[in-house]
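Number of protein chains: 2
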Amino acid sequence: MKISTKGRYGLRILLDLALYAKEEPRLMKDIASSQEISEKYISRLILKLNQTGLVDSFRGAKGGFMLAKPPKEISLLEIVEAMEGNIALVDCVFDKDFCPKSENCSACKVWASLNKKIRKQMKEISLKDLLKSEKNKINRL
Amino acid sequence: MKISTKGRYGLRILLDLALYAKEEPRLMKDIASSQEISEKYISRLILKLNQTGLVDSFRGAKGGFMLAKPPKEISLLEIVEAMEGNIALVDCVFDKDFCPKSENCSACKVWASLNKKIRKQMKEISLKDLLKSEKNKINRL
DNA sequence: TTTTTATACTACCATTTCAGTCAGGATTGA
DNA sequence: TCAATCCTGACTGAAATGGTAGTATAAAAA
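Going down the list, the protein sequences come from chains G and B.
Going by my numbering, the first sequence runs without a break in its numbering and finishes at 141.
Going by my numbering, the second sequence runs without a break in its numbering and finishes at 141.
Calculated directly from the structure, the hints in this document are not laboratory data.
Ideal Cβ positions, reconstructed from N, Cα and C, are used throughout, including at glycine.
Honestly, I wouldn't trust all of these hints.
[What the hints assert, rightly or not] Some chain B residues near chain G, calculated using beta-carbon distances under 8 Å: (1) M1; (2) K2; (3) K6; (4) M66; (5) V93; (6) L114; (7) M122.
[Said to hold, decoys possible] Okay, the calculated beta carbon distance ranges per label pair: (8) M66/G / P70/B: 50 to 60 Å; (9) D56/B / K40/G: 51 to 61 Å; (10) K40/B / N86/G: 26 to 36 Å.
When you get a sec, could you build the whole thing from the sequences and use the hints?
Structure representation (structure tokens):
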């Protein structure tokens, strides 16, 4: 029951973009050095964010990345699911064929209900909430 | 972000005990055949449940396992943490030294807050809630 | 006290998942 | 053109996960 580094890094990448890619696209290498993640690995991670429509990418000179929508419209749920796929505490939550008795299984029902609650809470947290806390940090300096 | 089979099987073992070990201890092999888990593997899993005080074990003839406390006092959180260790979505939640800047990291704060909410919800679900749904199942037959 | 019935525990193995790298390809602006 | 920049599939080493084998230990029954 862990968030993988993919999920964690995904969040940090988006936070970085929210802070530094307001006027023009931000370079991969700038994200990489600022977040202390290798450029190679960032390129893999940001690909997913691009494919799921959370960031826009621009190639060639003056290229880079920007958020595809405003921070308040990007939820923690979207971010983690972009990076790790659907959140499914147990496989029978999304794949009904996974266990034959799932229709009638008390355990499955509990997991499904918990899964739903977790997703709901992750949906209620947006990138903007993190930005607030970043700004407080800067003000304190 | 998955519940491992350890966690899932742990729940099923406890549910099995709640249903069938009311008067006298239930044998490992009976749990195994009823839950369709190998006896060997069950023995590993139930060991943890015993060590964390969720079940009592009795050796020798007439031995077996029983719940160590009533179902309503056993939460999903206890079960999963018994089987998988503390729930920590990210390592810095429990290990403050894990990331040097954790004191001042917006991302860490978000994960910690989410972690807290998830644990709270898991604490609010008890084995008794599952039993209700099991009984409904039996009544419907 | 011996035998039988059970659980307790440690070491080990196979498979899958995860984190991260490499090398080169594709696209765009100047 | 060509330099800047992102795109992508194949690959690798390490760690976690799922599961098995075998022996030790305890309790009850004979």
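Here's how the hints hold up against the structure:
no.	hint	in the structure
1	M1	holds, 5 Å
2	K2	holds, 6 Å
3	K6	violated, 11 Å
4	M66	violated, 20 Å
5	V93	violated, 10 Å
6	L114	holds, 7 Å
7	M122	holds, 7 Å
8	M66/G / P70/B: 50 to 60 Å	holds, 56 Å
9	D56/B / K40/G: 51 to 61 Å	holds, 53 Å
10	K40/B / N86/G: 26 to 36 Å	holds, 33 Å
Hints 3, 4 and 5 from the list above are not met by this structure, while the remaining hints are.
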